[in-house]
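Novice: Spelled out, the chains give:
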Amino acid sequence: MQWFGYAGKLLYVNLSNGNYEVKELAPEQAKKYLGGKGLAASILYDRLQPGQDPLGPENLLVFATGPLTATLAPTSSRMIVATKSPLTGLWLDSNAGGFLGREIKFAGYDALIVEGKSLEPVYILIEDDRVELRPANNLWGKDTFETHQTLKELHGPDYRVAAIGQAGERMDKLAAIISEARAFGRGGAGAVMGSKNLKAIVVRGTRGINIADYQKFVDYVKEAFNEVAIHPDTGGGRNHYGTSVIYSFINEAGVHPVENFRKGKFTGTDTINEEVLRSKYYKKDKACSSCPIACSKLAKVDEGKYQGKFTEGPEYEDVWSFGAQCGNTDLGAVIYAEYLCDAYGLDATSVGNVVGFAMECFEQGALTEEEIGYPLRFGDTEAMIKTVEAICQGQGIGKLLAQGVRYASEQIGKGSEKWAMHVKGMELPAYDPRGAFGMGLAYATSDRGGCHLRSWPIAQEVLAANRMDPFSVEFKAEFIKSEQDLIAVIDSLGLCLFATFALSLKQIVGMLSALTGIQEFNSGEKLMVIGERIYNLTRLFNLREGMAPASDTLPERLLTEQLAEGPAAGQVVPLDIMLKEYYTIRHWDEAGRPLPAKLEELGL
Amino acid sequence: MTVKIQVKFFAQLAIQTGCRSCTLEVPNNFYQAIEVIGARFNLPAKEKLGTYYSILINGKGYSYGLADNYELKDEDTLAFVPILSGG
Ligand code: SF4
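Chains as they are written, first to last, in this note's numbering: chain A, 5 to 608; chain C, 13 to 99.
Quick caveat, the hints were computed from the structure, so don't treat them as lab data. Yeah, the Cβ is synthetic: ideal placement off N, Cα and C, and Gly gets one too. Treat the hints with care, since some could be wrong.
[As the list claims (entries may be wrong)] What the simulated footprint calls covered on chain C by chain A, stretch by stretch (three residues with Cβ under 8 Å from a Cβ of chain A suffice, anywhere in the stretch; the number is not a length):
| id | region |
| --- | --- |
| 1 | 15-26 |
| 2 | 30-44 |
| 3 | 83-94 |
[Claimed, not checked] Straight-line Cα separation of at most 27 Å, DSS-like style, residue types lysine-lysine; simulated pairs:
| id | chain 1 | residue 1 | chain 2 | residue 2 |
| --- | --- | --- | --- | --- |
| 4 | C | K60 | A | K267 |
| 5 | A | K267 | C | K72 |
| 6 | A | K288 | A | K267 |
| 7 | A | K267 | C | K58 |
Given only the sequences and the hints, what does the whole structure look like? Please build it.
Specialist: In C-alpha cells, the structure reads:
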C-alpha cells in the first residue's frame with residue numbers, strides 16, 4: 005500500500021536475542037488510532053501481558069511518531085515514548101519535541117518498539133534500513149551530555165540521539181530519557197530503558213515523506229503558519245519568554261503552588277519572573293524541528309554562586325519546582341538544578357516536587373537532620389541544591405527520593421503520606437487546583453497520573469476570556485472530557501500542544517487530510533471519536549493493570565485544607581461532584597469502568 | 013468618583029506598555045477605568061478585552077462579562093494578562 009504522511013513501517017527490536025523485524029503498519033490500525041499515542045496504546049494493549057514488572061524484560065518501550073511528525077506543519081516535531089510506568093505501575097506516554105521524531109520518520113518508521121533485555125549495555129543504531137545493536141559499556145556511567153557528545157563524535161552531527169543518564173542506569177523511578185536537551189521526562193521511561201540495559205538510540209534517516217495532495221497541504225500549512233504568527237501567545241509571548249510566559253499571571257491568580265501546596269501566593273517574584281529570566285538569563289532562542297514558535301531557551305548564569313551554569317530551559321514547570329515549591333528565590337539555583345536533572349537524566353518537575361516534600365517532612369519532624377545529613381528547610385537554596393545533587397548521584401536521602409514522592413512517603417511513614425503531592429504516584433506539577441477547580445478534575449482523571457498535559461483548563465478558567473468560573477463546578481466535566489480527547493488526538497498526530505492555542509481543529513483536519521488522503525480523518529468529529537477511543541483504551545489498560553477507581557482522586561490537602569491567602573483563599577476542590585458528572589459524560593460506570601455500549605460504539 | 017488601584021501588566025503587555033506595576037487613580041466604574049488605563053498606556057483596552065488579553069481583578073479572572081456598573085474599590089489590583097486559549 006502506498007502511504008502518505010506515514011512511513012508505513014514499524015521496527016521491532018528485541019534486545020534479548022539481538023534480532024529485529026520490520027512489520028507493515030496495518031491501515032486499519034492507523035485509521036483507528038492515528039499514530040503517536042494512539043498507535044502506542046494499541047501496541048501496548050495488544051502485546052503487553054497485564055501485571056508485568058515495569059522494570060522486567062517483558063515491558064515494552066514504544067517510540068512512536070504521528071502522521072504529521074517531520075512534515076512542514078508548524079510544530080510537527082513531536083513524538084511520544086510509551087510504556088508501563090515504573091512510577092505509577094500504569095499507562096505512560098511521555099511526549100517530546102526536538103529532532104528524534106523527525107529522524108525516526110525519515111529513517112522509514114512510524115514507530116520503534118523495543119522488547120526484551122540485553123545482557124550487556126548496548127545502544128541501538130538505526131541508519132534507514134540498517135539496524136544494529138552496538139556495545140555501550142564505554143558509555144555506561146556517563147551523563148546524558150557526555151553520551152550525546154561521544155555518540156555524535158562517533159557517528160556524525162546529523163545523527164539524532166536519545167539517551168539515559170546515571171539515574172536511568174540505576175532504574176530510579178524518576179529517570180527520564182533525554183534527547184538533545186529535550187526530555188521524555190515524566191513517569192520513569194528512563195528507568196525502563198535502563199532496565200533493558202539500553203543506554204541510547206542513535207538514528208539517521210534520509211528518506212522523505214509522501215504527500216497525498218501537495219498543493220492543498222502547502223496551502224493549509226501556510227494558513228497554519230500565519231495563525232501561529234498572529235496569535236498573541238504563539239506569535240509573541242511564548243517566543244520571548246518561553247513557557248514561563250505564564251509565570252506572573254499564574255501566581256497573580258493564586259494558582260502557583262507554594263512550599264508543597266501549603267500557601268497560595270509566592271512572594272519571591274521580584275527575583276523570579278519571566279522578565280528576569282528574559283533579561284538576565286536567556287542567551288538564545290531555540291526551536292524544535294519545523295517550529296516557528298521557538299519557545300525553547302538557552303539560559304546561563306553570569307554571576308553569583310552558580311556562575312557559568314547553564315541549561316536548555318528552564319521550563320515554567322521547573323521554575324516552579326525548584327522555585328516556589330522549595331521556597332527558593334534564586335533563579336541561578338533553578339538553572340543549576342535543571343542542568344543536573346538533564347545531565348543525570350531525571351524528571352525535573354518531579355525532582356523539585358519531591359525535594360519540597362522532603363522539606364515539609366523535615367519541618368514536620370518526619371525526617372531528621374541525622375537522616376538527611378543537614379537541615380532541609382523551605383527557602384534554604386543550598387540545602388535544595390544538595391538534595392538535588394544527592395538524588396542525581398543516588399546517594400544518602402537522594403536514593404529514596406529518586407523513587408518518587410509516593411514511594412518515599414510510604415517508606416518514611418509518620419503521616420508523611422498526606423504531604424505527598426501526587427496522583428496515582430505521579431508528582432503534581434505547577435498548578436494548585438484550589439484556584440481552578442477544573443484542574444483538579446484534570447489531575448484526578450489524567451491517564452498517566454498527576455499531570456497537566458491531558459487537559460489544561462487553566463487557560464479557560466484563568467487566562468482566556470474567562471469562559472469558565474474557576475470556582476464553579478459547572479461545565480468542568482464536559483470541558484475536561486473533550487479536551488482530553490482532543491489532546492489524545494494532538495499527541496497522536498505529532499504536533500506540539502502549544503500550536504493548539506492558535507490552530508483550530510478545522511485547520512488541523514485540513515493539513516492531516518491533505519497530507520494522508522485518508523477519508524476517516526476528514527472531519528473534526530471523526531478525529532474527536534478517535535481521541536475518545538484512545539482515552540478509553542488507556543483507561544482499559546490502567547484498569548487491566550489493577551488500577552483502583554478510587555485512585556481517581558487528589559491529595560487530601562487539596563480536598564480538605566483551605567489556603568489562608570491569595571485569590572483561592574478558603575477554597576478546597578469539590579472533586580466528587582465533578583468526578584461523578586465526568587463518569588456520566590464519559591459513559592463510565594460509578595466505579596469508572598467504560599460501559600460495554602460505549603466500548604462497542606468506539607470499536608474497542 | 014475615583015479610586016486608587018494597582019495596575020499590573022504581564023509578559024508581552026509589560027513590554028508593550030513599558031510598565032509592570034504602578035498605582036493609578038481611575039474612575040471606580042470598571043469599564044471607564046480600563047478606558048482610562050488604555051489611553052494612558054496606548055492600549056486598545058476595551059476593544060481587545062477578551063480577544064487579545066484578559067483582566068484579573070484581585071487575581072480572579074471574572075472580569076469578562078461583568079455588569080456594566082461593576083465598581084472598583086481602593087487598593088484593588090487589575091492585572092492585564094495576554095490571552096491564551098485553545099483552538
Ligand atoms: S512550541 Fe516550543 S516545545 Fe513546541 S515544538 Fe516549538 S519549540 Fe518545541
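Novice: Work down the list of hints and note, for each, if the structure agrees.
Specialist: Going through the hints against the structure:
no.	hint	in the structure
1	15-26	holds (count 5)
2	30-44	violated (count 1)
3	83-94	holds (count 4)
4	K60/C with K267/A	violated (33 Å)
5	K267/A with K72/C	holds (17 Å)
6	K288/A with K267/A	violated (34 Å)
7	K267/A with K58/C	violated (34 Å)
Hint violations for this structure: numbers 2, 4, 6, 7, all remaining hints satisfied.
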